[in-house]
Amino acid sequence: MLTSSTYPDPDTLAAAVTERERPALAKALNLLDDKRPEARRRAARLLRLLPHERLYASGHLIGLTGPPGAGKSSLTAALITIWRKRGLRVAVLAVDPSSPISGGALLGDRLRMFSGQIDNEVFIRSLACRGEFGGLSAEVWPMSLVMLAAFDIVLVETVGVGQKEIDVSRLTDTTVFVAQPASGDSIQFLKAGIMEVPHLLVVNKADLGLAARKTLAELRATLKPALHESSWQVPALAASAAQGTGIAELADGIDAHRLWLLEQKQLSPRRKKFQAEWVLKRLGEEFGRFGIESLGGTSALLMELAEAGSSPFEQYDAMRQRFLSNWNAPQRERLKCP
Amino acid sequence: MTSVKTESKKDHPWLMRTYSGHSSAKASNELYRTNLSKGQTGLSVAFDLPTQTGYDADHPLARGEVGKVGVPIGHIGDMETLFDQIPLGKMNTSMTINATAAWLLSLYIAAAERQGVDQAQLQGTTQNDIIKEYLSRGTYIFPPEPSLRLTTDVISYTVNRIPKWNPTNICSYHLQEAGATPVQELAYALSTAIAVLDAIRDSGQIKADAFANVVGRTSFFVNAGIRFIEECCKMRAFAAMWEQLTRERYAVDDAKMRRFRYGVQVNSLGLTEPQPENNVQRIVLEMLGVTLSKKARARAIQLPAWNEALGLPRPWDQQWALRMQQVLAIETDLLEYGDILDGSPIIEAKVRSLIDGAEAEMQRVHEEGGMIQAIETGYVKRQLVTSHTARMRAIESGDLKIIGINSFTETAESPLTAGGDSGIMKVDPAAEREQIERLNAFRAARNAAEVEAALNNLKDIASSSENIMPASIRCAHAGVTTGEWSRVLRDIFGEYRAPTGIDIAALNLAASDTVDSLRERTRKTGEELGRPLKILVGKPGLDGHSNGAEQIAVKARDVGFEVVYEGIRLTPEQIVKAAEEEGVHLIGLSVLSGSHLELVEDAMSRLGELGLSEVPVIVGGIVPPEDEANLKTRGIAAVYTPKDSDMNLIMADLVNIIRESNGLERYGALH
Ligand code: B12
Ligand SMILES: Nc1nc2c(ncn2[C@@H]2O[C@H](COP(=O)(O)OP(=O)(O)OP(=O)(O)O)[C@@H](O)[C@H]2O)c(=O)[nH]1
Ligand SMILES: [Mg+2]
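Residue numbers (our numbering), protein chains in the order written: chain A, 742 to 1079; chain B, 8 to 678.
The reader is advised that the hints may include incorrect statements.
Said to hold, decoys possible - With a Cα cut of at most 25 Å, we get these calculated DMTMM-like pairs of lysine to aspartate or glutamate: (1) 776(A) x 672(B); (2) 16(B) x 338(B); (3) 826(A) x 498(B); (4) 776(A) x 527(B); (5) 466(B) x 948(A); (6) 776(A) x 621(B).
What the hints assert, rightly or not - Example chain B residues on the side facing chain A (calculated, C-beta under 8 Å, incomplete): (7) 384; (8) 526; (9) 568; (10) 571; (11) 587.
As the list claims (entries may be wrong) - Simulated restraints on C-beta separations: (12) 347(B) x 858(A): 54 to 62 Å; (13) 925(A) x 18(B): 57 to 65 Å; (14) 1062(A) x 655(B): 39 to 47 Å; (15) 261(B) x 933(A): 54 to 62 Å; (16) 374(B) x 1062(A): 57 to 65 Å; (17) 860(A) x 651(B): 30 to 38 Å; (18) 651(B) x 1035(A): 53 to 61 Å; (19) 809(A) x 618(B): 34 to 42 Å; (20) 655(B) x 860(A): 38 to 46 Å; (21) 608(B) x 776(A): 35 to 43 Å; (22) 985(A) x 374(B): 25 to 33 Å; (23) 951(A) x 170(B): 36 to 44 Å.
Everything labelled a hint here was simulated from the structure, so no lab data went into it. Keep in mind the model is a prediction, meaning the values are calculated, not measured. The C-beta atom is built at its ideal place from N, Cα and C for all residues, glycine as well.
Next comes chain A alone, as it looks inside the complex (with noise of 0.2 Å):
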């Protein structure tokens, strides 16, 4: 019988991770999750043991967000598709939103992210976003990182529009924005600066019509001047999921935009840049803005952490460790004399 106290061993776990095995990631993905001091101990070294080159260095990391029925997971599937044709393998992190008043979630999206054939090189795993609200589920980067250990691709699906897909921006390489034909909202948002401009943007639904061909025309209006912040030309496509139709030219986009990162030599330091911000938000969860400040302060952590290129739960638990004792230390001093 499996008891509570039973932990997989990361050694044995990062080794068939590396191998890409199934059953593994899944444990690992389960290991990842786990909050309780003796898995994350093990979480940690297990991602110490995955190679260092694929989690930081290689792949595709893909956010794929827009508003509720969009169409993002049956973009997703058909994507899939594509990539299986071109030899790549995928995984999917497919994040719901839970009920603020049980704490329990639906997670729907496999539903639509079935493409009609049982494949062995693809794996979704769905993820609810457990409180974190307006944001993504802590575990997605942890969760992330061992993906690319295993798959090509990662994609994370995500709910949001306006403010509220911005974290998944702060998190993947390439960030794809799925809007919804003549809802005017994205586009209002992008206008208004709301909305941080994404990698990429898509009108699905394009089989709808006059109200996708309008949606496209406000969106490159909008972009025109908009450039992302690094000289990335933003486009602006269409696509139909149901149809199948503009689904490689978006697959084409995304990757451009991979080799645009390699060759800017970006993908790396953004990566490494994600999780030392994923560290000082946790920090921050703990121990506040002046737990930070205590630290360093933000600019000089982020730096820190961004070249210190241990695996995420170590860079926490080494901040944690000396915001610790450099607080403690007086305070038990105190607690002694009355």
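With the hints as your guide, set chain B with the ligands onto chain A.
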């Protein structure tokens, strides 16, 4: 004072049918002939799920389903056997067939032709309403658009060639079975009628002056629940709304063509497993709802049997149901009067409020972009799941009382279920193998070149905008099989998966202490196991009964589980793969179609192969007691059936099963 005329010419009794079919064409033919000799006046054919979803008996997805819930019809040979010695020129046959309606009608026409009967003489009904399949019944195949084209092809063809055929039965029956309120039933059935009639009008297959015939041939299949006064008002509302719609929207002048014609199956969702004899009272009362008002009286009635919630009815159970109709129509004075409800202000007010509610909801559907759009966006399905969830919560809280379920639960042992067969019909497990053998023999004997030519022709026609029927009839004569006909269309039209509708907000109800303590248990157990409890609810096989899975999924979410649910009609292989990828703490399989033994065995052996044997598996649905024992010996942790109507208890159990399989101590009883 004028004398009120209370008596009028005695009304004709409605058509009395029994929805039946099982095992094989031969066995079903025998059953039909016996039923006809007992005074049944029409036939109502139940097909098995492979036939309804376009698979041959030897397709992997058909495993365990052949001949179970209906008759398998794989080709013209089966159709001829089904109606052996039944003169099709005289019979009135209703076929509950939808995605493959064009095909089964083609087989029926071809079989009639082989009996020497001209198709123009045929009488009967093809259900042929695909829209409610996406919402409730689950035997759809193609996406809405090409499906609607098949629907309209059947209608156009029969209106032009088989004048007495009812080509479509717009169904609200199945919507009520999926939780719809009377207002929703009215609104969605009439919105469906609009979608279908608009599509026919726009298809150009019907000449403008013949359009009134299409309207005249459009009939309905309606439900009647236990609140029989309200149901009676619903029927009057239907008649009034249809009259108005056909007059205003479709400009039908002839009043006869605007008449609301409908058949009925009374409510089965409310029939209980505990104290099953009470179902007889329920069925009879429900029948009153659709017969009391002469103006809105059903044209055809079929009744479920007392053992509805236990399993399939035996011939005697069906006979009993038929006799209920006969007693009402023949012994009572019901048919001797004019409309006994006319002039009642109470009835009138109720009808008015139903119409107002339905009109408002039809407006919502219109704003969603019409019925097809409202299916695709999941709007209507979510409304149904919401209504059903509200019903379940009302039963849970005791606001809705059901005898034997949440009140008067004490009972003496029922002699009805005491027999060796537990009071239900068992399909011979050899039926599947024998059907496959016959299928192979049939395939071997046909002319391969003719089959190929007919299929190629079908392919061309399907890709064009021509009517699908002539090409399908040609296929029928050539010996094409159900699976082959469907394969051609699957390749051209693609396949569809409908929205599950479970992504509804938690109902805004004050949580009870029980629910609070369940949430606490779920949360704490998640903490002890390191991560929130995650379960997968799976529907393996061709079974379309989604209510139970949906309600369990929503309930589980509402007590704090993370729930993966992918909708109906998955293979055990797909479900097991999902369970692996998702890393769930528990797998729940829901099977109501009777194929649980085959499907569960398949799933369990696949779980073993993937090294997932530690993940506990539970099964819910229609599972007879001896099968429950059997499943448990195969390692199933628990089995739930309709008698387990307290979903809080089920949830408490799920937490405990997860705890136990992870070496944690079980919690005690919920208070
Ligand atoms: C409603 C209903 C329908 C609706 C379904 C609507 C829908 N979307 O679900 C409609 C009208 C569409 C329908 C159609 C058919 N039906 Co029907 N239907 C029923 C009925 C009346 C109630 C089922 C139901 O929804 N109950 C309410 C839900 C909430 O309860 P439940 O599913 O039983 O779930 C409870 C437990 O079983 C358990 N549970 C179930 N699943 C799970 C899963 C998990 C994880 C857990 C923990 C628990 C659990 O917990 C739930 C809560 O108490 C039953 C008879 C009956 N009274 O039970 C027949 C019945 C199931 N149907 C039957 C048949 C034959 C059909 C058809 C196949 C007929 C045909 N030949 O065409 C069709 C086709 C359906 C298809 N595509 O498969 C038969 C099955 C016979 C058998 N197994 O031997 C039954 C038993 C009727 C009968 N006696 O003949 N049906
Ligand atoms: N007409 C049309 N409908 C589409 C297309 N892509 C998706 N849909 C439909 O849009 C609805 C939503 O699709 P999903 O893929 O689930 O959308 P999503 O963005 O993942 O939705 P959430 O995860 O719930 O936010 C479904 O009913 C799809 O059938 C398309 O290209 N054309
Ligand atoms: Mg989605």
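**Prompt:** Straight-line Cα separation of residue 776(A) and residue 621(B) no greater than 25 Å?
**Reply:** 21 Å, holds
**Request:** Determine whether the Cβ-Cβ distance between residue 809(A) and residue 618(B) falls within the hinted range of 34 to 42 Å.
**Result:** 36 Å, holds
**Message:** Assuming the hint says 57 to 65 Å, is it satisfied by the Cβ distance from residue 374(B) to residue 1062(A) or not?
**Reply:** Taking Cβ atoms as reference, residue 374(B) and residue 1062(A) lie about 58 Å apart, which means the hint holds.
**Request:** Go ahead and decide if the range 53 to 61 Å is satisfied by the Cβ distance of residue 651(B) to residue 1035(A).
**Result:** Holds - the Cβ-Cβ distance for residue 651(B) and residue 1035(A), about 56 Å, lies within 53 to 61 Å.
**Prompt:** Does residue 826(A) pair with residue 498(B) here, judged by a C-alpha cut-off of 25 Å?
**Reply:** 19 Å, holds
**Item:** Cβ separation of residue 261(B) and residue 933(A), checked against the hinted range 54 to 62 Å
**Value:** About 58 Å separates the Cβ atoms of residue 261(B) and residue 933(A), which means 54 to 62 Å holds.
**Prompt:** Taking the beta carbons of residue 655(B) and residue 860(A), is their distance inside 38 to 46 Å?
**Reply:** 39 Å, holds
**Prompt:** Okay, residue 985(A) versus residue 374(B) on CB: inside 25 to 33 Å?
**Reply:** For residue 374(B) against residue 985(A), whose Cβ atoms are near 30 Å apart, the range 25 to 33 Å holds.
**Message:** Holds or violated: residue 466(B) and residue 948(A), Cα atoms, limit 25 Å.
**Reply:** Answer holds: residue 466(B) to residue 948(A) is near 24 Å, not above 25 Å.
**Request:** Check the following: the C-beta atoms of residue 951(A) and residue 170(B) are separated by a distance inside 36 to 44 Å.
**Result:** Holds: the Cβ-Cβ distance is about 41 Å, inside 36 to 44 Å.
**Message:** Tell me if the straight-line CA distance from residue 776(A) to residue 527(B) falls inside 25 Å.
**Reply:** Within the cut-off at roughly 18 Å; holds.
**Prompt:** Given residue 587(B) as an interface hint, is the shortest Cβ-Cβ distance to chain A below 8 Å?
**Reply:** 5 Å, holds
Of the hints listed earlier, there is not a single one the structure fails to meet.
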